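Protein chains in written order, with the working numbering: chain A, 65 to 333; chain B, 251 to 505.
Hints were generated in silico from the structure; no laboratory data involved.
Predicted, not measured: the structure shown is a model, and the values here were computed from it.
Among these hints, one or two may not hold up.
Said to hold, decoys possible - Pairwise CB distance ranges, derived in the manner of DEER restraints:
hint	chain 1	residue 1	chain 2	residue 2	range
1	B	I436	A	S127	39 to 45 angstroms
2	A	S118	B	V447	51 to 57 angstroms
3	A	K238	B	Q453	31 to 37 angstroms
4	A	S119	B	N307	24 to 30 angstroms
5	B	N431	A	S156	29 to 35 angstroms
6	A	D328	B	R464	56 to 62 angstroms
Here a beta-carbon is modelled for each residue, glycine too, at the ideal position from N, C-alpha and C.
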Amino acid sequence: MIKVKDVSFSYQAGTEIIKDITLHFDQRSTAIIGQNGAGKTTFVKLLKGLLKPSSGDIIIGDSSVNETTPATLAKQIGLVFQNPNDQIFKRSVLEEVLFGPLNIGQNPELAKENALNALKMVGLENRLEVNPQDLSLSDKKLLCIASIIAMDTNIIILDEPTIAQDHLGKQKIKEIIQSLKEKQKLVMTIIHDMDFVAENFERTIVFQQGKAILDGSTREVFAESDILAAARVEPPSITQLGYWLGYKQVFLTEKELIETIKTDSKIAL
Amino acid sequence: MKALTLYEDRNTFIHHVHPINKLIYIFIIIVVPLILPLFPVLIAGIIMNTVLLLIANVFKKSLPIFGFVLLILLTVLIIQGLFHAENATPLFHLGPLLFYKEGFFYALQITLRVLNIVAAFMILVLTTKPSDLVETLVRKGLSPKIGYVLQSVFQIIPQMLSTMETISDAQRSRGMETEGNLFVRIKAFLPLLGPVVLNSLIQTRERAMALEVRGFSSLRHKTFLNEVKNYRYTTFIQFTLWLVLLAAIIWRVVL
Ligand SMILES: Nc1ncnc2c1ncn2[C@@H]1O[C@H](COP(=O)(O)OP(=O)(O)OP(=O)(O)O)[C@@H](O)[C@H]1O
Ligand SMILES: [Mg+2]
Numbered sequence: 065m066i067k068v069k070d071v072s073f074s075y076q077a078g079t080e081i082i083k084d085i086t087l088h089f090d091q092r093s094t095a096i097i098g099q100n101g102a103g104k105t106t107f108v109k110l111l112k113g114l115l116k117p118s119s120g121d122i123i124i125g126d127s128s129v130n131e132t133t134p135a136t137l138a139k140q141i142g143l144v145f146q147n148p149n150d151q152i153f154k155r156s157v158l159e160e161v162l163f164g165p166l167n168i169g170q171n172p173e174l175a176k177e178n179a180l181n182a183l184k185m186v187g188l189e190n191r192l193e194v195n196p197q198d199l200s201l202s203d204k205k206l207l208c209i210a211s212i213i214a215m216d217t218n219i220i221i222l223d224e225p226t227i228a229q230d231h232l233g234k235q236k237i238k239e240i241i242q243s244l245k246e247k248q249k250l251v252m253t254i255i256h257d258m259d260f261v262a263e264n265f266e267r268t269i270v271f272q273q274g275k276a277i278l279d280g281s282t283r284e285v286f287a288e289s290d291i292l293a294a295a296r297v298e299p300p301s302i303t304q305l306g307y308w309l310g311y312k313q314v315f316l317t318e319k320e321l322i323e324t325i326k327t328d329s330k331i332a333l
Numbered sequence: 251m252k253a254l255t256l257y258e259d260r261n262t263f264i265h266h267v268h269p270i271n272k273l274i275y276i277f278i279i280i281v282v283p284l285i286l287p288l289f290p291v292l293i294a295g296i297i298m299n300t301v302l303l304l305i306a307n308v309f310k311k312s313l314p315i316f317g318f319v320l321l322i323l324l325t326v327l328i329i330q331g332l333f334h335a336e337n338a339t340p341l342f343h344l345g346p347l348l349f350y351k352e353g354f355f356y357a358l359q360i361t362l363r364v365l366n367i368v369a370a371f372m373i374l375v376l377t378t379k380p381s382d383l384v385e386t387l388v389r390k391g392l393s394p395k396i397g398y399v400l401q402s403v404f405q406i407i408p409q410m411l412s413t414m415e416t417i418s419d420a421q422r423s424r425g426m427e428t429e430g431n432l433f434v435r436i437k438a439f440l441p442l443l444g445p446v447v448l449n450s451l452i453q454t455r456e457r458a459m460a461l462e463v464r465g466f467s468s469l470r471h472k473t474f475l476n477e478v479k480n481y482r483y484t485t486f487i488q489f490t491l492w493l494v495l496l497a498a499i500i501w502r503v504v505l
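Make the full structure from the sequences, and use the hints.
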């Protein structure tokens, strides 16, 4: 769905932030991880067309970002900004969510329906007339997510969706990602919460200093403990627990580990 | 990182001129054309400003600001040229529109004056680190509160530009076209204004709170982090500037 070819980018001449990245994205849900300043946000802004590559090309569907505007791309690709305050600019929750759908040409009834559904998914359906600036940070983030979901694009990128979320909030986001996956959408997420990565994403890409240094199924990626350590990424706690218990394999969920221990202890008995 | 000032860090002569002298320069470049209300004087002022901007290597950076100012002044020129109360002598036709001499020259004078003032301020703003200016003034006894207001004024344009960029990103990433011909751009510009002003106000409020919790209103004596900078030819420049003013006054009296 997305082809990234030899893309480099710098904000100021001299310091390359993205260094010659080539990647293909299919429908697998994908996590992008890496330490602060690795270039993750910059990379997704390039995908969205908000920044233009210094060299190389990005093809979304069948159009090149070099030849289209972000506004045109908005029908295909939605981006939830890292900082909600950078994304929100309308005076009421409902207006904020309606902005995208109306702009990309959904008819008003459909737009309203999509907006209300999206707000229901994030649990803000009772606050339609509230000024977004009066929401808490976690609710602002959920509002941003709803604004993008309502656009019903085939590709959805979330820049640190779990920021400021408590357990319930994370659970909501998890459900949202699941339901988007069921609708055959490409969900790409930048995230620092490795437990969340292990539980929700099929593919993981590790960024370090502007390069994609690891790319594969989440299990393969978390098996590369040396490279991860070099990129200062800590594996999910369940994976670490597995190692400490002496297992060689990579566990991604508690269930997997428990099943294995149960089987092993049965054998031991 | 988005820089929150228009200041351009270059190593030119102008950058090493004392901020106070730049302020005196602004005062004189504004006052002299008022003392001697002649077109050549005004034009000489503009040329002088341009030369200084060129020497300071910031002329290019000032162009967008001039562009913006000129756009606004153009409307003044049209309105006055067409409808000024004293309009009597036709000057030229533009399609069906008839421009009059009185209004046209009146507006031209306003335009040149504003350009002159804006250019003079550009020299100060583009070549002086806001903190250096404010610090010099506060050292000279200006109340830190007024100093802060001054510094905010320096920051407000870049701050608004950066807010504008942020909101424009938010809008185009959700399908609002902002690129293309002038019409598309203007159509995209209008919905920006509300949020930009609102967000700037919100930011200002947050900043005021941030200042308070760090003891801004404290009555104790403040300390300064930076050493006093060494500026070049301070007395000589100041002397020359006052001399220009004196010359203008004498010219006016003698004339
Ligand atoms: N607008 C900008 N102008 C100049 N440099 C920038 C800009 N935005 C980001 N950078 C720099 O680019 C580098 C990568 O930033 P980016 O935001 O892409 O990192 P990130 O991986 O998203 O980090 P984080 O996990 O903290 O969000 C950083 O060194 C940052 O300082
Ligand atoms: Mg980021």
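Give me the numbers of the hints this structure contradicts, sorted from smallest to largest. 1 and 2
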